[in-house]
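2 protein chains.
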Amino acid sequence: MVYFDTNQKTVRSWTKRQDEKAIKMSKVEHLAKNRAIPTDRIVEALELLISPGDRVVLEGNNQKQASFLSASLAEVDPGKVNQLHMIMSSISRPEHLDIFERGVAEKIDFSYAGPQSLRVAQMIEDGMLKMGEIHTYLELYGRLFVDLIPNVVLVAADKADINGNLYTGPNTEETPTIIEAAAFKDGIVIVQVNELVEELPRVDIPGSWVDFIVEAQKPYQLEALFTRDPKHITELQILMGMMAIRGIYEKHNVQSLNHGIGFNTAAIELLLPTYGEQLGLKGKICKNWVLNPHPTLIPAIESGWVESIHCFGGEVGMEQYVAARPDVFFTGRDGSLRSNRTLSQVAGQYATDMFIGSSLQIDQFGNSSAVTSGRLSGFGGAPNMGHDPRGRRHSTPAWLDLVTSDDQLARGRKLVVQMVETHQAGNVPVFVESLDAISVARTAGLSTTPVMIYGDDVTHVVTEEGIAYLYKAQSLEERRHALAAIAGVTPIGMKHDTKRTEKLRQDGLVALPEDLGIRRTDAKRTLLAAKSVEDLVEWSGGLYNPPDKFRSCY
Amino acid sequence: MVYFDTNQKTVRSWTKRQDEKAIKMSKVEHLAKNRAIPTDRIVEALELLISPGDRVVLEGNNQKQASFLSASLAEVDPGKVNQLHMIMSSISRPEHLDIFERGVAEKIDFSYAGPQSLRVAQMIEDGMLKMGEIHTYLELYGRLFVDLIPNVVLVAADKADINGNLYTGPNTEETPTIIEAAAFKDGIVIVQVNELVEELPRVDIPGSWVDFIVEAQKPYQLEALFTRDPKHITELQILMGMMAIRGIYEKHNVQSLNHGIGFNTAAIELLLPTYGEQLGLKGKICKNWVLNPHPTLIPAIESGWVESIHCFGGEVGMEQYVAARPDVFFTGRDGSLRSNRTLSQVAGQYATDMFIGSSLQIDQFGNSSAVTSGRLSGFGGAPNMGHDPRGRRHSTPAWLDLVTSDDQLARGRKLVVQMVETHQAGNVPVFVESLDAISVARTAGLSTTPVMIYGDDVTHVVTEEGIAYLYKAQSLEERRHALAAIAGVTPIGMKHDTKRTEKLRQDGLVALPEDLGIRRTDAKRTLLAAKSVEDLVEWSGGLYNPPDKFRSCY
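Keeping their order, the protein sequence lines are chains A and B.
First residue of the first sequence: 1, per the UniProt record's numbering; consecutive thereafter.
First residue of the second sequence: 1, per the UniProt record's numbering; consecutive thereafter.
Possibly wrong hints are sitting among the right ones.
Pair ranges (Cβ atoms, derived) [what the hints assert, rightly or not]:
1. 407/A to 498/B: 41 to 47 Å
2. 25/A to 201/B: 15 to 21 Å
3. 278/B to 31/A: 28 to 34 Å
4. 410/B to 424/A: 24 to 30 Å
5. 12/A to 526/B: 22 to 28 Å
6. 33/B to 547/A: 24 to 30 Å
7. 434/A to 234/B: 49 to 55 Å
No more than 27 Å apart at the CA atoms, straight line, and that leaves these computed lysine-lysine pairs for DSSO-like [what the hints assert, rightly or not]:
8. 130/B to 16/A
9. 287/A to 21/B
10. 287/B to 16/A
Simulated from the structure, these hints should not be mistaken for lab results.
As the structure is a prediction and not an experimental result, all values here were calculated from the model.
Yeah, the Cβ is synthetic: ideal placement off N, Cα and C, and Gly gets one too.
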């Protein structure tokens, strides 16, 4: 309430959030014992703790999901809880959208909507979902402390003790960051846990940051998103992997790096102990990694290639292996992985030589997007790691190797590599005149086109045809020609000019396999350090324990 | 030890770091009771816990210093502890360099060396200090998880309990990030605390992350770095402040922002409740802030301008005021501020419309540096917040307002504003042909020139002459002309072409005070909402408690 004192100076309450929280807390006193809400009364509790219009963070990234809490939120009475402004790293589960259909929630800010991207686009068109903005993970976390400060956060942990201390185990991920935004701004922190225990293996988040604990009906959902079965790696991917190792990793002396998800980078991981070893590169490149515990990295780790790995999150089945390799992974006193998506994104942005990833569409200037017709899939972490961080000031050999000017103020550059086959499955061309994202932006009423990685941030593009060294291009036109030279029989590639390509090869803007000393016929599956999930298990000495869906493959 | 088993497969230890830590821990068993090292035996303990060549993080940023631990490190026997690779946010105290002179440490990676910048440059020239790299804070933190993983960290907290749980109070700053890098990679975490207590007001860092606690002889050093006495704000600074509010904040609709340290931005803070109010801007701009608790922001907060503030660290004397304004500041259950330098840097980079700061030198293209002849001062957080974060994907009105193209893939831009008088004290020109940093880089053997903010990241420059809207410049030449138009009688300004300046004013690339409807004669100290530290105390209702050195001024 605002009122005026006798001097006409405004007098106001400075504890509005505290007061509102106190009222909410008193409403659930009869429900909660200490901090614990009984499992079967969570819907009732949510109805008392969440007010109409509240900003609510619901945890769910591409791996861990607060699935019990999201299912419960979908059951609240829209007459009591409505018009919520949801903030979610990932829209992954059906109920994440059901809450909008039911009128509980109204607006969304998010990062990634892979599995639900079609429905998201449709619901926006139907006016059932009010779009906030699409973010890369790190900017979404930043906004939790600036203009998207939450009223309530719904998150997931493995275990809690009676004092509310939390154990997140290998999947710490973004839980501490989300909780911090609410706990220190008089928001309400509700945590679903797999179990309540007497004593925790270690404390990942202090109990004084937590308001309520609820034991979930079943453990939170966890996706094995970073597992690629080597069985499905093709010889084309092996060829591209060899080119990348020779023409990028070795050429620029890449020491620290991030690999995106996918068969292309899985191929590279499995070529290091074979092809990389033949080239004498062990101990010289690829030493410090920022990535999830990819099972396909096991052979490289076992062969002594890898000095360290910092992880965004965990990976199903890798728990025991990681715990047995503490010199490589970040682990806690209990032995298990400590991941941290926020810090890993900071490291991936600022402290690595290279980001390498894939995309669904690339235009003639190298702009790329994973948003294709009718799908609003978002970005995840790619934009954060896939750009040249202009705040970076330290140099490394790879970073300096990309200096193209002798200006006294010239600076190095981060390697941002796109690795794609010229066509997707079904013979759909990856290289296109214009991104679908442009029309998606129009339909969804976005202020800007959802580009995942901008062409002027991309330094290299690798296809089965060759490598385009885009960082050397002096003009947009030259960039276009270099891309066309490796774009195969796509709308862009068909425009390429043979003479021009020759010149670009001479100038080092384009390299074909033969320019790198690679014979296409050498790209065989026999080069893979592991050819199946079974091989990975063997490399791990039985420590890797693949989920059933991958087991069924061998 | 590496050996081969019968199948010629390499067998190696994967617990080298764990084993080394266990050995070190056993060596101090006789010294430490539980986790507590007696105050008078810390030097002995450091000699046993730190091995030659170790990577050691010593906490010390521009505010909080682990001063007891740094003084103790300077006392260890260089025969026992030597060749250390130090990692420090800030080189602030004399003993930070004494350890190099004494042969305890050899190499340094850092962010900022304000008070010691002259000595740093000299010691590098004399070969007494081996330079690593200069960083912005966030990239240094990132490297702690990639290629600068520490063996030992020496940090500071307010209080600890017997289980090692830590209370950092208002100055959480970067302590959790530093500790995380060591605690989860089998490094050793040593914390100096002001006192050991039975029960903590709140837990900022869990005890299971901490190895040793030592009660310091006296509380850690804490600098009142963000306090500017309004008494010293000049009318020129007020003029510049009015121009910034009118020609940048209002024009672009700036909602979220960071202010650097300095009298220029302090002037703006004190003009919001007067000049800003006259313009009817309250509730329309400057709502969400990322900055330390600047005392000069008190009048704007009290007048209802400020919705939220997230802080890098605390500020001496602001403790009670902050605790009484929880709707604005992030605070814990104990009532006191929760700062977090890492998260605040993320927010300042990605989630704000604008960064505004100052510099000592700006060249003809807008490149700026705080490194001047003979001084290797480093960067702090400026490069991180003073650049266009190309990973950003969400839009805000201010960000969109800087779009200058109608390309379908055009994106917005962060406002990066430099606000400088054309001359420093002693009539030294700020605008120069070439940055001193170029020769400093040569002398110190740096791989790149230590530029603080690059010209192509700067969107606006404000001087007492006017504003240059550099983001509108279509070429380097146009950028140079726009800068010259507002550079006064400096080497750059004297080259300006009057006709050209007229054209730039018409095209909106340059604005003089009259173009913004500001009369120079209106820029009076009477416009400041507070004219002294005493006024600030009054605005705060007696809650602000300035340090003695500022009290002595009134």
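Structure-based check of each hint:
no., hint, result
1, 407/A to 498/B: 41 to 47 Å, "violated, 30 Å"
2, 25/A to 201/B: 15 to 21 Å, "holds, 19 Å"
3, 278/B to 31/A: 28 to 34 Å, "violated, 51 Å"
4, 410/B to 424/A: 24 to 30 Å, "holds, 27 Å"
5, 12/A to 526/B: 22 to 28 Å, "holds, 26 Å"
6, 33/B to 547/A: 24 to 30 Å, "violated, 46 Å"
7, 434/A to 234/B: 49 to 55 Å, "holds, 54 Å"
8, 130/B to 16/A, "violated, 53 Å"
9, 287/A to 21/B, "holds, 22 Å"
10, 287/B to 16/A, "holds, 17 Å"
Violated hints, in rising order: 1, 3, 6 and 8; the structure is consistent with all others.
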